[in-house]
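Peer 1: Here are the chains, one letter per residue:
There are 4 protein chains.
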Amino acid sequence: MSSTTTAPVTEDQPLIVGGKTLASRLIVGTGKYKDYEQMQHALDASGASVVTVAVRRERLVDAEGRSMLEFLDTDRYTILPNTAGCFTAEDAVRVAKLGREILDQLDNPGKDWVKLEVLNDKKTLLPDPVGTLEATKELVADGFKVLCYTSDDPVMAAKLKEAGAASVMPAGSPIGSGQGVLNPNAITIILETLKDGDPDYPVILDAGVGTASDVTVAMELGADGVLLNTGIAHASDPITMASAMRHALEAGRLSYKAGRIPKKLYATASSPWDGVISYIPGE
Amino acid sequence: MSSTTTAPVTEDQPLIVGGKTLASRLIVGTGKYKDYEQMQHALDASGASVVTVAVRRERLVDAEGRSMLEFLDTDRYTILPNTAGCFTAEDAVRVAKLGREILDQLDNPGKDWVKLEVLNDKKTLLPDPVGTLEATKELVADGFKVLCYTSDDPVMAAKLKEAGAASVMPAGSPIGSGQGVLNPNAITIILETLKDGDPDYPVILDAGVGTASDVTVAMELGADGVLLNTGIAHASDPITMASAMRHALEAGRLSYKAGRIPKKLYATASSPWDGVISYIPGE
Amino acid sequence: MSSTTTAPVTEDQPLIVGGKTLASRLIVGTGKYKDYEQMQHALDASGASVVTVAVRRERLVDAEGRSMLEFLDTDRYTILPNTAGCFTAEDAVRVAKLGREILDQLDNPGKDWVKLEVLNDKKTLLPDPVGTLEATKELVADGFKVLCYTSDDPVMAAKLKEAGAASVMPAGSPIGSGQGVLNPNAITIILETLKDGDPDYPVILDAGVGTASDVTVAMELGADGVLLNTGIAHASDPITMASAMRHALEAGRLSYKAGRIPKKLYATASSPWDGVISYIPGE
Amino acid sequence: MSSTTTAPVTEDQPLIVGGKTLASRLIVGTGKYKDYEQMQHALDASGASVVTVAVRRERLVDAEGRSMLEFLDTDRYTILPNTAGCFTAEDAVRVAKLGREILDQLDNPGKDWVKLEVLNDKKTLLPDPVGTLEATKELVADGFKVLCYTSDDPVMAAKLKEAGAASVMPAGSPIGSGQGVLNPNAITIILETLKDGDPDYPVILDAGVGTASDVTVAMELGADGVLLNTGIAHASDPITMASAMRHALEAGRLSYKAGRIPKKLYATASSPWDGVISYIPGE
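Residue numbers (this note's numbering), protein chains in the order written: chain Y, 1 to 283; chain W, 1 to 283; chain U, 1 to 283; chain S, 1 to 283.
Treat the hints with caution; some may be incorrect.
Pairs count within a copy or across copies, as identical chains cannot be separated in the list.
Stated by the list, open to error - The list that follows gives simulated cross-link-like pairs (lysine-lysine, DSBU-like), each with its CA atoms no further than 35 Å apart:
1. 32 / 195
2. 137 / 97
3. 123 / 20
4. 32 / 20
5. 32 / 263
6. 122 / 257
7. 264 / 34
8. 32 / 257
9. 97 / 145
10. 264 / 32
11. 195 / 263
12. 34 / 263
13. 97 / 264
14. 137 / 123
Worth flagging that the hints you see were computed from the coordinates, not collected in a lab.
Bound conformation, chain Y alone (with noise of 0.2 Å):
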């Protein structure tokens, strides 16, 4: 027998977002797992190199007294502070002020940027895109890299990136519903139009994963990277679900560069096949 050499896979250039480099496409939150031994194994299983956190969160100890941050490797983990808990431009702006000036104290890489969160109301989490726009502009002209939480409209998408943001981040659907991507068409249209001219500009799907073939199907129409939160810290079993999304986001990733076959009725063989070496029926 011929010998086996190590098949080729083609080489992938990693993320570059707002002039960091990540390691890995799937950035994870921090909240909403059952002690921060759990956060731990989860985010390892993960394979993520940038980890969000909530600035409002940071200060906060569990039942007995330990703050997250002592569970967090610093020196593994770029922190990216989020807003989650603002529901005003101005409330961001603070928030987000604050957290750099947390992580400047922990020299952590993340200390120049935010995952911008302005969101409408406590029922549904959805973004108000008038606060989310004004806030992106206020905190780009204060020298942030601006990671934009938004909905999946894409003329808001376009116009936060006009605004500055160093990553658009459409919703695949609402905070914690684990529909995945409700609507490929809307996601198709913003990567066609931000990255129009422009391919290497980040647009990363954030909110909605329930699932890991959420994320391949994420992965597949184009997006740069995904962030979740609640798809793994509220499964059944976080930290296999983190290594889950670990594979289903390289599943994803590979695929969209591999370039899938296209969809058909049935498959009829094009050409002649009797006899012939290149094709069985049905193989």
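Given chain Y, put chains W, U and S in place with the hints provided.
Peer 2: Using the frame of chain Y, we list chains W, U and S on its own:
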């Protein structure tokens, strides 16, 4: 910081089909590649331990007079002979026996099993349920371990199991169509029915996979494995796609074991959240 | 203003099944209603000209000793006897013959036809393909016009047509599931296959309709008619739902005939549009 | 036989928008037709009582020098002027006022309302949320009844209602895309949000309808009406499609009122059924 230990991802049991333990839950075909080197690399990248070969093809040689078997490391791969190209039960039985003879000479562990395909017509390549049932009975009586390709009709699936099939392999969609799992409802009923009182009975999704997320979806439904060929062999970059499929399989299996979160219209906090450590809305 | 004339909607040809011309393409069941009056009103509202009756039910009487047939205007409705409740070919054939005798006494035009159901089990109510094929052959040989309930497997559908079925009636989804057409790809292949060279061969979607849009979708795929029962009988307001189904059938048929616009990611004007009468963007 | 009385289909209340009662819940456009005669017939077949006209078009004449208004029976139809072709709030406001002047001269009841479109770009024709909100405020202040075209973002929809829009008109999918309702989840949240404590507030699906079932689906979700143009005007047979849309609207509305059955994997009888009058399995 507290020390990070390796995350305890839940151990999985290997898939056992017809008494054989499979190191990977992904079974891949060997047809439709540009050349044998490409096939060899794709098999390697897929992580498969079982590869299926059309008996009708195996004796054939390529333009340079080389046989496929020269490029299949039979120490590494268990060969699963298949009856692709057979349109009657009689023909399929004959081809299955021929495959057994060939593998017997190779002393490959795959010698007593067969992936049974009895196709209805060259246009749609859909399986013939009547011929498939007939051939299954005959091959089982002759001592074969039959892995049985069939439609997603749960009743035919049950009849094939009852006839002694070692595994039932429902189609996600027509062979080569790239449509993925068109009817998850049907696959779910098949899984529920065939595993009722017999949870280890192996159900392997076969046919229709177009891209990585199709594999993940199938595994998340609870399939024990996936068999595919065209989705890899006809991708723009088959080797990279093979790697994608490997991750997709792993993602779907882990996700299934981990237990996904439920789907909701939106995720309202069901408990008070202001000033509480456990929840920042939008986190 | 120019005078408005009545709009020239294209005339449709009536559906002919087994030599009988149907005034409506909607066939409805008679089971599961709260009482016979409700059934009577729902049948009226549905616009159906053919109603199907379980032969096993017909001689039974309600709590007040009234027979269903007292509430079916047999001058208005053609009765299509069905073999609901039969789990073997033998039983279905026996029941079909019993139905013929009863309708013969009523002198109803439905006396020589039968909606054949050979169910596999009481749990899923899925059809038994093998028993269905066997019963079809037997009933055709005995002079019946057989309208044959089957799964959405195109190969079984083709075998049933070949066996002489007057109409093949694929399931959109399991009986009573309310899931609509789960696999439009399969229904499309059935239509393409059964109408190949025989465009008037009637294919009627049977089973699974949950709501009006399911009927419209089935007709837009090219089905010649739809048969349903639970979707009306178990709606909160069966009579209003019957009216909905009537309109849904009409909508789907007209839409199919009218030829829909193609789907696109978005509709860019393909021609210059400024200052031109023919196009205002967004109009 | 007991006498059949006419079935008591539940009476529906008419849709009221901005103080005007609409005889039909279907609103249709007047653009993109081959000629005015075809438009006239299609309007008639659609059953619409309100038709929308691009103000920018209205003064223009066709190749034979005829104005569209000669072909619109203004005694029969209420004209809803729209601002198609406007890409800024300023332009849309100007065009809306121009429309009011023109309709004032015609003494048409539509003179104080407007279908507001502020589009973002000529390529996707997606609405500009910021410009739309701005124009809505201005037009409301000027006494207009504003029917506001917007994306399916529930937050923007709520802001537009709050700004005083007489009706919010979310897009099912991009104008002219023919994709139907791409995100039912979003439309459901819009309906829930805008009708919370205000059940009669009118939400009308606008844009994206490709075929009849899209209309039925939108109404089944609970929309109060549907506005469409391309789906009719560019169908192969626009007049027949207009009739399809009329039935589809009616089907969806009735179905919504009637209350559909739930979806299940399969419908097992939940009660004993042998020998009971009320249930024959498979009926």
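Peer 1: With reference to the structure, classify each hint as holding or not holding.
Peer 2: Verification of the supplied hints:
For a Cα distance limit of 35 Å, the shortest separation of residue 32 from residue 195 qualifies both inside one copy, at 34 Å, and across copies, at 32 Å. When the C-alpha separation of residue 137 and residue 97 is checked against a cutoff of 35 Å, the pair qualifies both within a copy, at 14 Å, and between copies, at 33 Å. Taking the shortest alpha-carbon separations for residue 123 and residue 20, both the intra-copy value of 34 Å and the inter-copy value of 33 Å come in at or below 35 Å. Taking identical chains as interchangeable, the C-alpha atoms of residue 32 and residue 20 lie at most 35 Å apart only when both belong to the same chain, with a minimum of 27 Å there against 42 Å between chains.
Proximity of residue 32 and residue 263 under a CA criterion of 35 Å is satisfied inter-copy only: 17 Å between copies versus 39 Å inside one chain copy. Proximity of residue 122 to residue 257 under the C-alpha cut-off of 35 Å is restricted to the inter-copy arrangement: shortest distance 31 Å between copies versus 38 Å within a copy. Taking identical chains as interchangeable, the C-alpha atoms of residue 264 and residue 34 lie at most 35 Å apart only when they sit on different chains, with a minimum of 21 Å there against 46 Å within one chain. When the C-alpha separation of residue 32 and residue 257 is checked against a cutoff of 35 Å, the pair qualifies both within a copy, at 33 Å, and between copies, at 20 Å.
For the homomeric pair residue 97 and residue 145, the shortest alpha-carbon distance inside one copy (12 Å) is at most 35 Å, but the shortest distance between copies (43 Å) is not. In this homomeric assembly, residue 264 and residue 32 come within 35 Å of each other (Cα to Cα) only across copies, at 17 Å, whereas the closest approach inside a single copy is 42 Å. Within a single copy, residue 195 and residue 263 get their C-alpha atoms as close as 25 Å, and across copies as close as 23 Å, so both meet the 35 Å cut-off. With identical chains, the CA atoms of residue 34 and residue 263 are at most 35 Å apart between copies only, with a shortest distance of 20 Å across copies and 42 Å within one.
For the identical chains of this complex, residue 97 and residue 264 are inter-copy neighbours only, at 33 Å across copies versus 52 Å inside a copy, given an alpha-carbon limit of 35 Å. Taking CA atoms no more than 35 Å apart as the test, residue 137 paired with residue 123 passes in both settings, with 26 Å inside one copy and 26 Å between copies.
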